[in-house]
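A.B. asks: Sequence:
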Amino acid sequence: MNQRIPEPIRPAIQNYIALVNQQIPGLMKAFYVEGSIALGGFNEHFSDIDFVSLLNRQFTPTEFAALRKIHKIIGRSYPRWKMSGSYLQSDDLGRCNKVEANSCYEGRLQLQGQFDWNWVAGWILKNHGIAIIGPEPQALPVTIDWDQLIKRMRENLNSYWVGWTRRPDAIGEMLLDLGIQWAVLGVLRQFY
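For the sequence shown, numbering that gives the first Met the number 0 gives the first residue as 0, with consecutive numbering after it.
Keep in mind that a hint or two might mislead.
Restricting the straight-line Cα-Cα distance to at most 20 Å, the calculated cross-link-like pairs of lysine to aspartate or glutamate (EDC-like) are [claimed, not checked]:
1. K68 x D47
2. K125 x D168
3. K28 x D144
4. K81 x D47
5. K125 x D146
6. K81 x D144
7. K71 x D91
8. K81 x E135
9. K125 x D90
10. K71 x D90
11. K81 x D91
12. K28 x E6
13. K68 x E135
14. K81 x E6
Ranges of calculated distance between the beta carbons of each label pair, as one might list FRET restraints [claimed, not checked]:
15. K68 x P167: 30 to 40 Å
16. N1 x Q22: 21 to 31 Å
17. R188 x D168: 19 to 29 Å
18. Q88 x Q180: 28 to 38 Å
Honestly, the hints are just simulated from the structure, not real lab data.
On a predicted model such as this, the values are computed, not experimentally measured, just so you know.
Every residue, glycine too, gets a C-beta built ideally from N, C-alpha and C.
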């Protein structure tokens, strides 16, 4: 396994890949780790396993059920490591906009819906992603329009983050270390 993958999470990733290959052979064309792990900011206490999986085909209902079960197995076997990511068709990589995708958030696989495959995720994948299966991410057909990336960051700051500060429960969250980390570091991470 790639040496950039922290040792503590390697068993979870290896087990996940083995289960998918065993129970749904030929489904995955590529599997990439991104997010804090790819950016070198892994924290054993807070990080999850952010990923992008490129598929060879659409799921059948039986395959979707099997994949949902695999995520439950991984969640029970490795409760510290939540998997969060997207299952995309290869053609979706070149389009940084809303695409139809299946997603997994904190280990729970969700049915197909709109996924905002955005410029930031594309940039992180292309420049820092870690290939577990498939070609190196630098070879992927992802082209980043820097002006669009900055535009999306501003939109996010002025929608999600402004809205977050106006929520009554966010005030309570700001009294906790985790809430302070989420708000302060979340905004600073976008600025960076």
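A.B. asks: Holds or violated: K71 with D91, Cα cutoff 20 Å?
C.D. replies: Violated, because 26 Å separates the two Cα atoms, which is more than 20 Å.
A.B. asks: K81 and E6: Cα distance at most 20 Å?
C.D. replies: With a Cα-Cα distance of about 16 Å, the restraint between K81 and E6 holds, given a limit of 20 Å.
A.B. asks: Check whether the Cα positions of K125 and D90 lie no farther apart than 20 Å.
C.D. replies: holds (15 Å)
A.B. asks: With a cut-off of 20 Å on the C-alpha distance, tell me whether K125 and D146 pass.
C.D. replies: This hinted pair holds, its Cα atoms lying about 17 Å apart.
A.B. asks: With the threshold set at 20 Å, check whether the alpha-carbon distance from K81 to D91 stays at or below it.
C.D. replies: violated (24 Å)
A.B. asks: Look at the Cβ atoms of R188 and D168 and judge whether their distance stays inside 19 to 29 Å.
C.D. replies: holds (22 Å)
A.B. asks: Sort out whether D144 lies within 20 Å of K81, counting only the CA atoms.
C.D. replies: Violated - the C-alpha atoms of D144 and K81 are around 31 Å apart, more than 20 Å.
A.B. asks: Compare the distance between the alpha carbons of K68 and E135 with 20 Å, and conclude whether the hinted pair is satisfied.
C.D. replies: Cα-Cα ~28 Å, so violated.
A.B. asks: Need the status of pair K125, D168: alpha-carbon distance at most 20 Å?
C.D. replies: Not OK: K125 and D168 at ~36 Å, beyond 20 Å, violated.
A.B. asks: Does the Cβ-Cβ separation between Q88 and Q180 fall within 28 to 38 Å?
C.D. replies: Between Q88 and Q180, where Cβ atoms are some 35 Å apart, the hint holds.
A.B. asks: Check whether the Cα positions of K28 and E6 lie no farther apart than 20 Å.
C.D. replies: Roughly 24 Å between the alpha carbons, so the hint for K28 and E6 is violated.
A.B. asks: Mind checking the alpha carbons of K28 and D144 for me, to see if they're no more than 20 Å apart?
C.D. replies: violated (26 Å)
The structure shown violates the earlier hints numbered 2, 3, 6, 7, 8, 10, 11, 12, 13.
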